[in-house]
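Engineer: Please build the complete structure, drawing on both the sequences and the hints.
Given next are the chains, with one letter for each unit.
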Amino acid sequence: MDIKIDLEKCTGCAECIEVCPFEALVLVDGKPQVNEACTICGACAEVCDVGAISLPEMPKIKVDKGKTKDVWVCAEQRDGQLAQVVYELLGEARKLADALQQKVIAVLLGYRITSLAQELVKYGADKVYIIDHPLLKDFNESIYSSTLISLIRKSQPEVLLAGATARGRSVMPQISAALETGLTADCTGLAIDEKTGLLLQTRPAFGGNIMATIACPEKRPQMATVRPNVLPKPLTNSGRQGEIVDVHFNEENTKSHVQVIKFIKEIEDSIDLAEADVIVAGGRGLKEAKNFKLIKELAKLLGGAVGATRAVVDAGWVPANFQVGQTGKTVNPKLYIACGISGAIQHIVGMQSSKVIVAINNDPNAPIFNIATYGIVVDLFEVIPAMIKEIKRRREIHS
Amino acid sequence: MKFIVCLKQVPETESVKIDEKTGTLMRTGVKGITNPYDLYALEAALKLKEVYDGKIIAISMGPPQAEESLREAISYGADEAILLSDRLFAGADTLATSYTLAQVIRKIGNFDLVLCGKEAIDGNTAQVGPQLAQRLSLPYVAYVRKIGIEEGKIIVERALEDGSQTLVLPLPALVTVVKEIGEPRLPSIRGKMQAKKAHIPIWEAKDISAIPEKIGLTGSATRVIKIFSPPLREKRGIISGTVEEQAKKLLSHLQTQGILKSGN
Numbered sequence: 001m002d003i004k005i006d007l008e009k010c011t012g013c014a015e016c017i018e019v020c021p022f023e024a025l026v027l028v029d030g031k032p033q034v035n036e037a038c039t040i041c042g043a044c045a046e047v048c049d050v051g052a053i054s055l056p057e058m059p060k061i062k063v064d065k066g067k068t069k070d071v072w073v074c075a076e077q078r079d080g081q082l083a084q085v086v087y088e089l090l091g092e093a094r095k096l097a098d099a100l101q102q103k104v105i106a107v108l109l110g111y112r113i114t115s116l117a118q119e120l121v122k123y124g125a126d127k128v129y130i131i132d133h134p135l136l137k138d139f140n141e142s143i144y145s146s147t148l149i150s151l152i153r154k155s156q157p158e159v160l161l162a163g164a165t166a167r168g169r170s171v172m173p174q175i176s177a178a179l180e181t182g183l184t185a186d187c188t189g190l191a192i193d194e195k196t197g198l199l200l201q202t203r204p205a206f207g208g209n210i211m212a213t214i215a216c217p218e219k220r221p222q223m224a225t226v227r228p229n230v231l232p233k234p235l236t237n238s239g240r241q242g243e244i245v246d247v248h249f250n251e252e253n254t255k256s257h258v259q260v261i262k263f264i265k266e267i268e269d270s271i272d273l274a275e276a277d278v279i280v281a282g283g284r285g286l287k288e289a290k291n292f293k294l295i296k297e298l299a300k301l302l303g304g305a306v307g308a309t310r311a312v313v314d315a316g317w318v319p320a321n322f323q324v325g326q327t328g329k330t331v332n333p334k335l336y337i338a339c340g341i342s343g344a345i346q347h348i349v350g351m352q353s354s355k356v357i358v359a360i361n362n363d364p365n366a367p368i369f370n371i372a373t374y375g376i377v378v379d380l381f382e383v384i385p386a387m388i389k390e391i392k393r394r395r396e397i398h399s
Numbered sequence: 001m002k003f004i005v006c007l008k009q010v011p012e013t014e015s016v017k018i019d020e021k022t023g024t025l026m027r028t029g030v031k032g033i034t035n036p037y038d039l040y041a042l043e044a045a046l047k048l049k050e051v052y053d054g055k056i057i058a059i060s061m062g063p064p065q066a067e068e069s070l071r072e073a074i075s076y077g078a079d080e081a082i083l084l085s086d087r088l089f090a091g092a093d094t095l096a097t098s099y100t101l102a103q104v105i106r107k108i109g110n111f112d113l114v115l116c117g118k119e120a121i122d123g124n125t126a127q128v129g130p131q132l133a134q135r136l137s138l139p140y141v142a143y144v145r146k147i148g149i150e151e152g153k154i155i156v157e158r159a160l161e162d163g164s165q166t167l168v169l170p171l172p173a174l175v176t177v178v179k180e181i182g183e184p185r186l187p188s189i190r191g192k193m194q195a196k197k198a199h200i201p202i203w204e205a206k207d208i209s210a211i212p213e214k215i216g217l218t219g220s221a222t223r224v225i226k227i228f229s230p231p232l233r234e235k236r237g238i239i240s241g242t243v244e245e246q247a248k249k250l251l252s253h254l255q256t257q258g259i260l261k262s263g264n
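Residue numbers (this note's numbering), protein chains in the order written: chain A, 1 to 399; chain B, 1 to 264.
Hints in this document: simulated from the structure, not taken from any laboratory.
Errors might be hidden in some of the hints.
No farther apart than 25 Å at their CA atoms in a straight line, the calculated lysine to any residue pairs in the SDA-like style are these [claimed, not checked]: (1) B:LYS179 to A:PRO319; (2) A:LYS265 to B:LYS179; (3) A:LYS154 to B:SER137; (4) B:LYS226 to A:ALA14; (5) A:LYS233 to A:GLY189; (6) B:LYS31 to B:SER188; (7) B:LYS261 to A:ILE388; (8) A:LYS127 to A:LYS154; (9) B:LYS226 to A:ILE17; (10) A:LYS103 to A:LEU198.
Pair ranges (Cβ atoms, derived) [unchecked claim]: (11) B:ILE202 to A:ILE264: 39 to 49 Å; (12) A:ASP379 to B:ARG233: 24 to 34 Å; (13) B:MET193 to A:ASP29: 37 to 47 Å; (14) B:MET193 to A:ILE264: 36 to 46 Å; (15) A:GLU46 to B:LYS206: 32 to 42 Å; (16) B:TYR52 to A:PHE263: 22 to 32 Å; (17) A:GLU243 to B:GLU204: 48 to 58 Å.
Computed, partial: chain B to chain A, Cβ under 7 Å [stated by the list, open to error]: (18) PRO36; (19) GLY91; (20) PRO130; (21) VAL168; (22) LYS226; (23) LYS248.
Quick reminder that beta carbons are idealized off the backbone N, C-alpha and C, glycines included.
Structural biologist: Spelled out as structure tokens, the structure:
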């Protein structure tokens, strides 16, 4: 299963080697050769002017696709509250289902959560499956996944979506393995292909340096987790009608014996980085741990969350759950204010999909300015207090 | 106790740079490193081994050079390593990868705990760990930051968006770990020596009785349809003026763009 390179046609221009995102082509005796890293993405074939590269025929796996229908949304709730991303998923599912002329079905697991069903209908669900049971009170991937797997096996959805949250990203892979189907993680765009009716799933790869569109042609359901904060929240329609179905909880699903023995709600950092609209992040430029209070004050004023670089976390200034970037969190707020952050690639891959990036750094050559929407080249100890003062001043005028 | 740690060799991010003019990837001499999260998983296993004794087996699927990551694991203190390498494994998505690793783990057999990193820093899917747990029907918890063992059970702690949980799992089990589990130690001199001389067997598809339809590209359910550059970021430039002016201008810009509500 390799790409085929017609060495007769090949001119040795090496364009294909340049475009290969996987470093899967190397020049041997002036001609490209393919290695194990190849994923048959087709980037090389597309760029080849002389048509020397051809892709192998895709293996055909038979499924009875006629049987699957509807776009399902996992309606994640935390302590009886729907996660923000659920609204975004409902809006997107509505569009996909309309394109497919199918229904949007939300599936809601938890304990004493029945009241949330109407909310799901208002935002676009045609039908809501509710499984309400004390054993579903705390999130437990073993119980959640086996419950969902048996429901999905019975109903055979065409598409299954969940938020790319801690919960969604833990449960969805289990479902995909159980059903032997494909799953695309952390999508930032979904669409239905007009010709084939396939779900086109677009996601950033290599820390957002390239984008890949992925499909699952032969297996069902087509599964994706969707990054929070990317898709718009739909309008609510209180007149919408939907069917609400109570599904019996099967005790069989608890046989893995994984038990949650304690849950501590963390209120202090209640705005989670991955879902925050505004993030104020600090780096080494803050010089000392105690100066982080400046970052915290600005974040609080803007109703945002606090982020940090790896260097600052490793120095023990803030806990590890503040870390943005590789080995930390990937974030995409509307506004990211990077204070005293130079912009190492490991940090940038975690935040470059933020809508607006403000960089504050006294070094005009800091790489962070390459990706910043707005830059301020000045000592952060001067400009942040000035911002805090200005925000307070404007609030007073308005109040 | 028997611990199995799954490792992946990934391209080092430093060596992946973007051509600022064209926005495309520039790859100059891409170096392979061991996925940092997998080294956290190894560190967690090493800590458990110190207390509860036992053996750590490191496994990795990849091209022949992935052996480097396994030698690194031995230098840190892994007792054995197995490399899964076969042209037939090439082009695997997470579904096919988890099948392949599950076959290997079944063949190793008789284990207590499988440890994986939360995700790999190249694909960032975080899927292989949970898929592997499902395929092996193992009790499983993701994003673990603390592990303790107690009479055939493990007690783990992990963070979710809204708080932290403590969970109990019967063994054998599988966990994926995050950075808070602890930074990897330095390799010892003895470890380095052992890494150099260790024999690392290479298992191919036939060695793990893999069904050909379930491995590599054939066993993959997903297909990459298109690869493209993300839209270039909008740049509105450097804001000048006195510090007070800079602060005012910035806040006004953010308000006009609707990023901040007026009143800020």
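Engineer: A separate judgement is required for each hint: does it hold in the structure or not?
Structural biologist: Comparing the hints with the structure gives:
| no. | hint | in the structure |
| --- | --- | --- |
| 1 | B:LYS179 to A:PRO319 | 11 Å, holds |
| 2 | A:LYS265 to B:LYS179 | 21 Å, holds |
| 3 | A:LYS154 to B:SER137 | 20 Å, holds |
| 4 | B:LYS226 to A:ALA14 | 20 Å, holds |
| 5 | A:LYS233 to A:GLY189 | 14 Å, holds |
| 6 | B:LYS31 to B:SER188 | 23 Å, holds |
| 7 | B:LYS261 to A:ILE388 | 15 Å, holds |
| 8 | A:LYS127 to A:LYS154 | 16 Å, holds |
| 9 | B:LYS226 to A:ILE17 | 17 Å, holds |
| 10 | A:LYS103 to A:LEU198 | 16 Å, holds |
| 11 | B:ILE202 to A:ILE264: 39 to 49 Å | 46 Å, holds |
| 12 | A:ASP379 to B:ARG233: 24 to 34 Å | 25 Å, holds |
| 13 | B:MET193 to A:ASP29: 37 to 47 Å | 39 Å, holds |
| 14 | B:MET193 to A:ILE264: 36 to 46 Å | 45 Å, holds |
| 15 | A:GLU46 to B:LYS206: 32 to 42 Å | 35 Å, holds |
| 16 | B:TYR52 to A:PHE263: 22 to 32 Å | 27 Å, holds |
| 17 | A:GLU243 to B:GLU204: 48 to 58 Å | 52 Å, holds |
| 18 | PRO36 | 5 Å, holds |
| 19 | GLY91 | 5 Å, holds |
| 20 | PRO130 | 4 Å, holds |
| 21 | VAL168 | 5 Å, holds |
| 22 | LYS226 | 4 Å, holds |
| 23 | LYS248 | 6 Å, holds |
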